[in-house]
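4 protein chains.
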Amino acid sequence: MAGNSFGQLFKVTTFGESHGPAIGVVIDGVPPRIPLTEKDIQVDLDRRRPGQSKITTQRKESDQVEILSGVFEGQTTGTALAMLIRNQDQRSKDYSDLKDIFRPGHADYTFLKKFGVRDYRGGGRASGRETACRVAAGAVAKKILAKASITIHAYTLSVGDVKATKVDLAVIEKNLVRAPDMDAAEKMIARIEEARKDCDSLGGVIETVIQGCPAGLGDPVFDKLNARLAHAMLSIGTIRGIEFGAGFAATQMRGSAHNDPFCNKNGAVRTATNHAGGILGGISSGENIVFRIAVKPPSSIAKEQETLDLEKKPAKIQVKGRHDPCICPRVVPVVEAMAAMTLADCLLIQRSIQG
Amino acid sequence: MAGNSFGQLFKVTTFGESHGPAIGVVIDGVPPRIPLTEKDIQVDLDRRRPGQSKITTQRKESDQVEILSGVFEGQTTGTALAMLIRNQDQRSKDYSDLKDIFRPGHADYTFLKKFGVRDYRGGGRASGRETACRVAAGAVAKKILAKASITIHAYTLSVGDVKATKVDLAVIEKNLVRAPDMDAAEKMIARIEEARKDCDSLGGVIETVIQGCPAGLGDPVFDKLNARLAHAMLSIGTIRGIEFGAGFAATQMRGSAHNDPFCNKNGAVRTATNHAGGILGGISSGENIVFRIAVKPPSSIAKEQETLDLEKKPAKIQVKGRHDPCICPRVVPVVEAMAAMTLADCLLIQRSIQG
Amino acid sequence: MAGNSFGQLFKVTTFGESHGPAIGVVIDGVPPRIPLTEKDIQVDLDRRRPGQSKITTQRKESDQVEILSGVFEGQTTGTALAMLIRNQDQRSKDYSDLKDIFRPGHADYTFLKKFGVRDYRGGGRASGRETACRVAAGAVAKKILAKASITIHAYTLSVGDVKATKVDLAVIEKNLVRAPDMDAAEKMIARIEEARKDCDSLGGVIETVIQGCPAGLGDPVFDKLNARLAHAMLSIGTIRGIEFGAGFAATQMRGSAHNDPFCNKNGAVRTATNHAGGILGGISSGENIVFRIAVKPPSSIAKEQETLDLEKKPAKIQVKGRHDPCICPRVVPVVEAMAAMTLADCLLIQRSIQG
Amino acid sequence: MAGNSFGQLFKVTTFGESHGPAIGVVIDGVPPRIPLTEKDIQVDLDRRRPGQSKITTQRKESDQVEILSGVFEGQTTGTALAMLIRNQDQRSKDYSDLKDIFRPGHADYTFLKKFGVRDYRGGGRASGRETACRVAAGAVAKKILAKASITIHAYTLSVGDVKATKVDLAVIEKNLVRAPDMDAAEKMIARIEEARKDCDSLGGVIETVIQGCPAGLGDPVFDKLNARLAHAMLSIGTIRGIEFGAGFAATQMRGSAHNDPFCNKNGAVRTATNHAGGILGGISSGENIVFRIAVKPPSSIAKEQETLDLEKKPAKIQVKGRHDPCICPRVVPVVEAMAAMTLADCLLIQRSIQG
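Chains as they are written, first to last, in numbering that gives the first Met the number 0: chain A, 0 to 354; chain B, 0 to 354; chain C, 0 to 354; chain D, 0 to 354.
No wet-lab data here; the hints were simulated from the structure.
Just so it is clear, the structure is predicted and the values come from calculations on it, not from any experiment.
In this text, a Cβ means the ideal position worked out from N, Cα and C, and glycines have one as well.
Don't take each hint at face value.
[As the list claims (entries may be wrong)] PhoX-like cross-link-like pairs, simulated, lysine-lysine; straight-line CA separation at most 25 Å: (1) D:K311 <-> C:K264; (2) C:K264 <-> B:K112; (3) A:K53 <-> A:K146; (4) A:K112 <-> B:K264; (5) C:K142 <-> B:K112.
[Claimed, not checked] Which bits of chain C does chain D cover? Going by a derived footprint, with three or more residues having C-beta under 8 Å, they are: (6) 178-187; (7) 288-298.
[Stated by the list, open to error] The following label-pair restraints were derived from C-beta to C-beta distances: (8) C:G320 <-> B:R32: 20 to 30 Å; (9) D:K162 <-> A:Q74: 24 to 34 Å; (10) C:E172 <-> B:V116: 28 to 38 Å; (11) B:N265 <-> A:A314: 14 to 24 Å; (12) A:A314 <-> D:G73: 47 to 57 Å; (13) A:Q74 <-> B:R32: 53 to 63 Å; (14) B:T150 <-> C:D96: 42 to 52 Å.
Bound conformation, chain A alone (with noise of 0.2 Å):
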């Protein structure tokens, strides 16, 4: 038990470094006669991919997942579902010079320091690529969620000091930055060229909505819907913070103008705002579930910083290679899919308790 696992009853556990021979995934705890084909998987996967587009970084991989075990004639069989993508891509020279080196904001350092060995090889187990694993298992976990009408749309609000002023679900997929307002990522794109001619980076707000969840999903206590969620977003690299509905603005609120009015809509129990974030002690409340991460700027710059080396003596680094100028596209497919797992996992749980 070392962190490479996630859910309680869809629980999905992750391998491989970015320099290995393959990355993979299993998930225990599928429920067995869904439809299911690697063409499923591969939908999301290609949304996650590097060399995807301009602003991304160009190495090639092109992330063919294979299912190993678990499914049967196009359904799932309710035993552990394998998927297993062979690394192509892996220039490990761009690395190698990385052996004797830390780089700052990168794991190199804490690595070393916690297991006393490191795979220096483009991060290792500590490379963004194990993201892949999570997008393949999220892809399953969306298609349980499809069957119970919930849906989950991740989009990036901001790059740097650009924010998308308004909110348009039909063009996230139009743009390269997967923006929901068109015109800002016009901008956000061009201030991302502009940080990579400066061999630089830039860091953004990814906002979440999941919508048709139905009220009763999340524990109370120590496993709250916000609780598991936060946990599912900050287990991604990049990920410096999040907020849930009102989010930091609330402490700048009275009771009075945040607590969210009970009203009917339609027979139907509603609040007439969204403060809470569609989350009410732990447990989903059949408003719309809000929330947004802090996306850092990526650590691995061209321009020269100071650093140490392994003897702690200063060193001169330019990370090179090919790198995302800013994740927020990329980072996007994997907000679904760590929000799809933790969903599903709340469903199974729920069902439980039911009968």
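The hints should help you fit chains B, C and D onto chain A, whose structure is shown.
Showing chains B, C and D alone in chain A's frame:
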């Protein structure tokens, strides 16, 4: 498994409703031979308990803890450590009129949707009273951390729009609001009293600093130290968000400014800045661990609000009883307790892979 | 996490030492809206408690259970269900002379090696007294099973060399030894009294029959239903072995004789024989689940024995106090409780993959 | 969570069906810096693989293992260790006629009842082929145990009514049936060939001896070392029972004879006899850990049997293909693997409470 437990090796399970006979906690995985008495626990319980000052609720609960098992002749035995707190001030009549109505901002409606039944007396299991058990467990965790020279300080950084302008850990317990700045504390207290007079409530931000944490704690991938801490913090009922190090501000920084350069301080590997908040790749780096959480304004206010009753008909509600106008000072020890539980767990896990 | 919990969805955690202030149990994952009172629990506790007949220990413990949480207005709420049993008859003086010596067959030595400290009063956490908490939790599990028409009967099949020659479930509670055969019971009781007079003790075999269990419970691979039941049974301190269906005798059968032929009984798929004990591939088949466990002769005997003291010097010991000459009749309800907890857990897990 | 994982800190998850593209295993929690190569794994895999001798199935599977992650430059890194074995000899046609019929003694019917769907090719997930993954994981566990000087030997104690009359660990790998007695081995082999000629199969008993295990491993209460080992062993598909030390014979002993007297052997606390099988109160005592398991006769026999088809109509079946007439010699390495995984887990847990 319905969310009443937290932790992997240092596993805390709480139980109890606010108006039942008692609340309590069992810890499975306490290392043996740690000196421990009820007094060690009581110190932190007294920092959390109601009625401690003019700006908290005036409910009276002495919150006397009784150790039931796991301690023998003044030290832990390694077996399940159980602690009990009897409920005393159960003015159930204050709550009986809430039987048929949903309080805005509370878990009344979502508990009913989840379980089909709810203990409506004072929030039942959803009551903040449950956090007393966390504080008791946290006090045990702190003993483990103390042996490893790890200390945790949480404090109220802001209340509404009043923000501390300096951080002096020495004054936190010297003002009612637990701020690290005596001047700001005075203003915060004034704001809180103002809100109370208006039958309203206020939110705030609590910051936590963990000192002395060695590099190497936390697990890569899903159980990153920040992911676990986020889970821990968002499991506190009143929290709307969390950010580490530079937090949401990092989304407006470039990578070259955000990356913390490694440097050699007296032979130790350190970083010149700490935008990462002491965690790299999900593993502690040896720098101070720093995070902030958004505390919402309490939902229980005496002001009249719109809501629905059990029949989904519009209703007015004034939440009677004696409530906290700002919960920050009483959340501070809960935050410390959850952080302590998280770190103690990571410490035990790290030991298991060494040797 | 030090072994004080059992189960995945119906998760039971016990605490308490035999001579501390109290023992107790918390169940996380009880489905809501199950009618439950303290009387429901007390029935089974009374079947386990000491002093119930002339062939059990004469210690007096009334073992009165108090429900602390998780039940409201006579039904479960879905939140953590906690129960407490105060210890009463703590003749600690009976045990103080055991402080410096290892009782043969007991856990005195191994607890000391594991933890470096031990509560030497009456076995502390290793005492059979802990099983009262299991019985209380099992009573809750039985309520869940009752709704699914699953019943569990355990009984003393043999004591020493006296074996029941017929199985009549109706007579189990009509004789002191809980045998399914009144004639054999008489002989068993005589044997037990004989052993007691000799300051000695006797073992036996307990058989369990689970009726009404639907096909489909239990998980393939590591969590087979028989594997879980074996875990459950061997976790009872006094058990030396377990066998399902034909058991060890199967090792002397040929496959053609051992395989249970499928047949159609009134439209249902059944098997003509039940050598498999109602479990195929780790999953219940719809036949009765049948297993037997080996109960060792109690280690606490008044006869003088050879042993060592804390300084590893030879010593003589006579275990004073009031002990059971044969523990079988009091283990019967514990076996039922562990079986009930295991099945309730499997039932909830199975529900989670349906729908 | 559907039973595909085993262990708490050394957590093993397997996947794969007998006739899918591959089977494999992921281990989460492998301590770092353990030297490991594919050769280390292959040695044990070769002891389990089909076609190894005239008395096992003649199916050909080379069972070549590929390490996919968690090992770098010849040593473990502490990250998820994944291993893959491609399936080769998939004569699916041998099984297609089993699509509409339930094989007696197999999991065909129960899988269908549990999941509503089943991969009927060669047992799918229920196939013994899955145990190859356990053997691979066990080989890693053995490396951890070797560092702690713990060794595990399993051997065939009896086949049908032929029993070994002595135990010489040195000869186990020198006879085809893996018996600790060359003379008995010869007779066992003759019995097995006899059974095969009769289109039938035979069961047997496997005994395991664990040497060098320090006192202190295993947890009191629910996770006793014997309870964990029983869980581990009964999770092997073909096992009908388990007994420790004196086992079922203990039920016919008196306490004075069964208790193992403590004695001082060269300054060490030991016991004069070992009826407890090396475990007291669920914790290892420092004596050899000894247990026996009952292995049923394989269910796949060429002899004609009565059964039902999917429509619940009577049918005759002869299980074609190439099956093991007695599975004992191939179960021996699986037993060792499960024991190794269990002990490695306990060792890591024990480390976590020390320091």
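Hints, verified against the model:
{"no.": "1", "hint": "D:K311 <-> C:K264", "verdict": "10 Å, holds"}
{"no.": "2", "hint": "C:K264 <-> B:K112", "verdict": "42 Å, violated"}
{"no.": "3", "hint": "A:K53 <-> A:K146", "verdict": "36 Å, violated"}
{"no.": "4", "hint": "A:K112 <-> B:K264", "verdict": "17 Å, holds"}
{"no.": "5", "hint": "C:K142 <-> B:K112", "verdict": "23 Å, holds"}
{"no.": "6", "hint": "178-187", "verdict": "violated (count 0)"}
{"no.": "7", "hint": "288-298", "verdict": "holds (count 6)"}
{"no.": "8", "hint": "C:G320 <-> B:R32: 20 to 30 Å", "verdict": "28 Å, holds"}
{"no.": "9", "hint": "D:K162 <-> A:Q74: 24 to 34 Å", "verdict": "48 Å, violated"}
{"no.": "10", "hint": "C:E172 <-> B:V116: 28 to 38 Å", "verdict": "34 Å, holds"}
{"no.": "11", "hint": "B:N265 <-> A:A314: 14 to 24 Å", "verdict": "18 Å, holds"}
{"no.": "12", "hint": "A:A314 <-> D:G73: 47 to 57 Å", "verdict": "27 Å, violated"}
{"no.": "13", "hint": "A:Q74 <-> B:R32: 53 to 63 Å", "verdict": "54 Å, holds"}
{"no.": "14", "hint": "B:T150 <-> C:D96: 42 to 52 Å", "verdict": "44 Å, holds"}
In the structure shown, a violation is registered for the earlier hints numbered 2, 3, 6, 9, 12, in ascending order.
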